[in-house]
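From first to last, the protein sequence lines stand for chains A and B. So my numbering is basically just the index in the first sequence, starting at one, shifted up by 1163. So my numbering is basically just the index in the second sequence, starting at one, shifted up by 559.
Bear in mind the hints are in silico, worked out from the structure with no lab data behind them. Here the structure is a predicted model, which means the values were calculated and not measured. Cβ coordinates follow ideal geometry from the N, Cα and C atoms, glycine included. Wrong hints could be hidden among the right ones.
[To be verified] Below, in silico cross-link-like pairs of lysine to any residue (SDA-like), each with a Cα-Cα straight-line distance of 25 Å or less:
id	chain 1	residue 1	chain 2	residue 2
1	A	Lys1276	A	Ala1192
2	B	Lys568	A	Gly1269
3	A	Lys1224	B	Pro668
4	A	Lys1224	B	Gly599
[Said to hold, decoys possible] From the structure, some residues in chain B lie toward chain A, with a derived Cβ separation under 7 Å:
id	residue
5	Leu602
6	Ala620
7	Leu649
8	Phe655
9	Asn662
10	Phe666
11	Gly667
12	Pro668
[Claimed, not checked] Simulated restraints on C-beta separations:
id	chain 1	residue 1	chain 2	residue 2	range
13	A	His1173	B	Asp618	24 to 30 Å
14	A	Thr1218	B	Gln615	20 to 26 Å
15	A	Ile1223	B	Lys629	28 to 34 Å
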Amino acid sequence: AQSVTQPDIHITVSEGASLELRCNYSYGATPYLFWYVQSPGQGLQLLLKYFSGDTLVQGIKGFEAEFKRSQSSFNLRKPSVHWSDAAEYFCAVGAWAAGNKLTFGGGTRVLVKP
Amino acid sequence: DGGITQSPKYLFRKEGQNVTLSCEQNLNHDAMYWYRQDPGQGLRLIYYSQIVNDFQKGDIAEGYSVSREKKESFPLTVTSAQKNPTAFYLCASSRFGTSGSGNEQFFGPGTRLTVL
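Please take these sequences and the hints and turn them into a complete structure.
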C-alpha cells in the first residue's frame, strides 16, 4: 500500500526567505507525485506534479519540487516566500495500479512572518 | 468555465438524519472522488467512481453511500450510521486514462457539514 509522510506539521518562515517542505513516500513502483495547496475553508489547488522524465518540476506561484527516487522524497521549494503563501500544503502519491487513487500526507501548515 | 461545484457550502444536520452533498463537474472527467478532511489532518478517501454506474469503497466508507447515475454528478449521502459526521467534505474529479498518463485530481470548494 502506498503512504505519504510530511514530517513537519507547522513551519514558520519570514517573508522573503526561502521555503522547503518535506515529503517522503512509500510505493513499490514509480509513483505519480503531486503537491496541492489549500487556503482556509477552500478546496485544494494543484501546485505541480511529477509523472516521469525530468526530476525537477516547476509549478505555479514560483514553486518547484525535486523527485529523488533513492530517497523516496519529493520536496517542495520556493526561493522567496510571499505573505500570500501562508496556507496548508499537501503532498500526494498516486498510481495507475491503485485505480488512480491518491494518498495524501497529513499536510504542513505554513505561517509567514512579516 | 469548466470546474467542479459543490453545494451547499455549509450544511447543518440533526443527529439521526441523513443528508446528501452535491458534486457536479463539467470537465468531462470519467473519475470522481469523495474525501473527508478533519481539522489538522490530511484527506481520507470515502468513495470513488471510475465510470458511470460503478463505484468503489475507499478507506472510510462506513456510514456513507454514493451513486453515479450520470457522468457529471456524484452525490454523497451521509447516513445516520456515520458516528462522527462533522467534517469538511471535498469532491474531486480526474481523467482516467491509460497507464503512464498520470491523471491529476481537480477539487471542488468543499462542503462543511456540522451535526447539531
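Outcome of the hint check:
For the hint pairing A:Lys1276 with A:Ala1192, the CA-to-CA distance comes to about 39 Å; that exceeds 25 Å, so the pair is violated. Distance hint between B:Lys568 and A:Gly1269 is fulfilled; the C-alpha atoms sit about 23 Å from each other, no more than 25 Å. With a CA separation close to 20 Å, the supplied pair A:Lys1224 and B:Pro668 stays within the 25 Å bound. Taken as a hint, the A:Lys1224 and B:Gly599 pair is honoured in the structure, with Cα atoms around 24 Å apart against an allowance of 25 Å.
Taken as an interface hint, B:Leu602 checks out: its beta carbon lies about 5 Å from the nearest beta carbon of chain A, inside 7 Å. The interface hint given for B:Ala620 is violated, since its Cβ lies 13 Å from the closest Cβ of chain A, which is over the 7 Å cut-off. The criterion of a C-beta within 7 Å of any C-beta in chain A is met by B:Leu649, whose closest approach is roughly 6 Å, and the hint holds. Annotation: B:Phe655 was flagged as interfacial toward chain A, and the flag holds, the nearest CB pair being 6 Å apart, inside 7 Å.
A distance limit of 7 Å between C-beta atoms decides the matter here; for B:Asn662 the minimum to chain A is near 6 Å, and the interface restraint holds. The beta carbon of B:Phe666 is positioned within 7 Å of a beta carbon in chain A (closest approach about 4 Å), and the interface hint is therefore held. Contact between B:Gly667 and chain A, as hinted, is supported at the beta carbon level, the nearest pair being about 5 Å apart and thus within 7 Å. Taking 7 Å as the C-beta cut-off, the interface hint given for B:Pro668 holds, the closest approach to chain A being about 5 Å.
Our hint of 24 to 30 Å for A:His1173 and B:Asp618 holds, since their Cβ atoms are close to 25 Å apart. Checking the proposed 20 to 26 Å range against A:Thr1218 and B:Gln615 shows it is violated: the Cβ atoms sit about 32 Å from each other. Under the hint 28 to 34 Å, the C-beta atoms of A:Ile1223 and B:Lys629, about 31 Å apart, fit the expected range.
Violated hints, in rising order: 1, 6 and 14; the structure is consistent with all others.
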